[in-house]
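Engineer: Sequence:
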Amino acid sequence: MESIFHEKQEGSLCAQHCLNNLLQGEYFSPVELSSIAHQLDEEERMRMAEGGVTSEDYRTFLQQPSGNMDDSGFFSIQVISNALKVWGLELILFNSPEYQRLRIDPINERSFICNYKEHWFTVRKLGKQWFNLNSLLTGPELISDTYLALFLAQLQQEGYSIFVVKGDLPDCEADQLLQMVRVQQTHRPKLIGEELAQLKEQRVQKTDLERVLEANDGSGMLDADEEDLQRALALSRQEIDLEDEEADLRRAIQLSMQGTSRNICQDSPQTSGTHLTSEELRKRREAYFEKQQQQQQQDPPGHPCEKPNTSSGALDSDLGPHLKFPDHTSRNPRHRVSRSGVPNPQATDPKRSVAC
Numbered sequence: 001m002e003s004i005f006h007e008k009q010e011g012s013l014c015a016q017h018c019l020n021n022l023l024q025g026e027y028f029s030p031v032e033l034s035s036i037a038h039q040l041d042e043e044e045r046m047r048m049a050e051g052g053v054t055s056e057d058y059r060t061f062l063q064q065p066s067g068n069m070d071d072s073g074f075f076s077i078q079v080i081s082n083a084l085k086v087w088g089l090e091l092i093l094f095n096s097p098e099y100q101r102l103r104i105d106p107i108n109e110r111s112f113i114c115n116y117k118e119h120w121f122t123v124r125k126l127g128k129q130w131f132n133l134n135s136l137l138t139g140p141e142l143i144s145d146t147y148l149a150l151f152l153a154q155l156q157q158e159g160y161s162i163f164v165v166k167g168d169l170p171d172c173e174a175d176q177l178l179q180m181v182r183v184q185q186t187h188r189p190k191l192i193g194e195e196l197a198q199l200k201e202q203r204v205q206k207t208d209l210e211r212v213l214e215a216n217d218g219s220g221m222l223d224a225d226e227e228d229l230q231r232a233l234a235l236s237r238q239e240i241d242l243e244d245e246e247a248d249l250r251r252a253i254q255l256s257m258q259g260t261s262r263n264i265c266q267d268s269p270q271t272s273g274t275h276l277t278s279e280e281l282r283k284r285r286e287a288y289f290e291k292q293q294q295q296q297q298q299d300p301p302g303h304p305c306e307k308p309n310t311s312s313g314a315l316d317s318d319l320g321p322h323l324k325f326p327d328h329t330s331r332n333p334r335h336r337v338s339r340s341g342v343p344n345p346q347a348t349d350p351k352r353s354v355a356c
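Just so you know, we're using full-length UniProt numbering here: the sequence shown kicks off at 1 and counts up by one.
Treat the hints loosely; a few may be bogus.
Pairs of lysine to aspartate or glutamate, DMTMM-like flavour, derived with a Cα cap of 20 Å [what the hints assert, rightly or not]:
no. : residue 1 : residue 2
1   : Lys85     : Glu109
2   : Lys8      : Glu109
3   : Lys190    : Glu10
Think of the hints as simulated: they come from the structure by calculation, not from any bench. All values reported here derive from a predicted model rather than from experimental measurement.
Just need the whole structure built from these sequences, with the hints factored in.
Structural biologist: This is the structure we're talking about:
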């Protein structure tokens, strides 16, 4: 699209834009077209003078403004036709009987010039694709082959005059490039008026926003932004509350553990001396059992059911003041402990008895 020459509308110079978009270059200026218009006016004056310079028709003709141009920049079809003759091009009315008899498919033509209410624009084929080069558009508009006939028919319905351009157009870069590459258009160009209206609306909205911000000393926000801010602050406060609750819970657990350990320390009996390690206790138990075995070997054999004197008092005296066996005579037999310190599985079942 960038290689396509497209002049946008300036004032009422649509005839100039139409010709330059057709030829794909800055070939004509308002001064050159005005010169052609003046030349046509002079030719018309000379024809009118042939009937007599004193005739009423001639004086009326001199009083009328030019029909080939005006001060706004409008140029007639005669000016456009004479300008194209310089390049060996000719204009034929599309819906004229002589052209309709030819029954030429519009796709097989090279370009069209369209006019409606003093506005001129070009529809041209570049490469293998058709483009609407209307100067009122923000850019070239791609027209498919299937839509071209419908597009021209729609223009005729709206009152446009359509002219077929006959002859060889000058070479241009866009035509050569689009012979090799086909383009695709995702967004159709807008009318310049629509684009200007959107820009104006954006400027008005920006001005209104600036006024609101100034009225609020620069701290004003739109309602949607305020709602988002309030939501964010609420979530932040919830997160802070959760963190505080977790911290309080951790402190409560820590205090509870400290209180429990303090109670355990208070409930445990205060003993004098140095605490025995597990290794020392093990060594004392081994010494006690060795001593018992030595006594059994020295004493005479007694009754098979007779047990050695292993009362809790004697055992406690051998193990020392730091380790005492519990008194099982006054407690539940389910909680009896064997000599090794491991619960006796036989003693935990009251239905089972142990034989001597």
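Engineer: Hints first: check each against the structure and report whether it holds.
Structural biologist: To see whether the hints hold, each was checked on the structure:
no.: 1; hint: Lys85 <-> Glu109; result: holds (18 Å)
no.: 2; hint: Lys8 <-> Glu109; result: violated (24 Å)
no.: 3; hint: Lys190 <-> Glu10; result: holds (16 Å)
Hint 2 alone, counting from the list given before, is not met by this structure.
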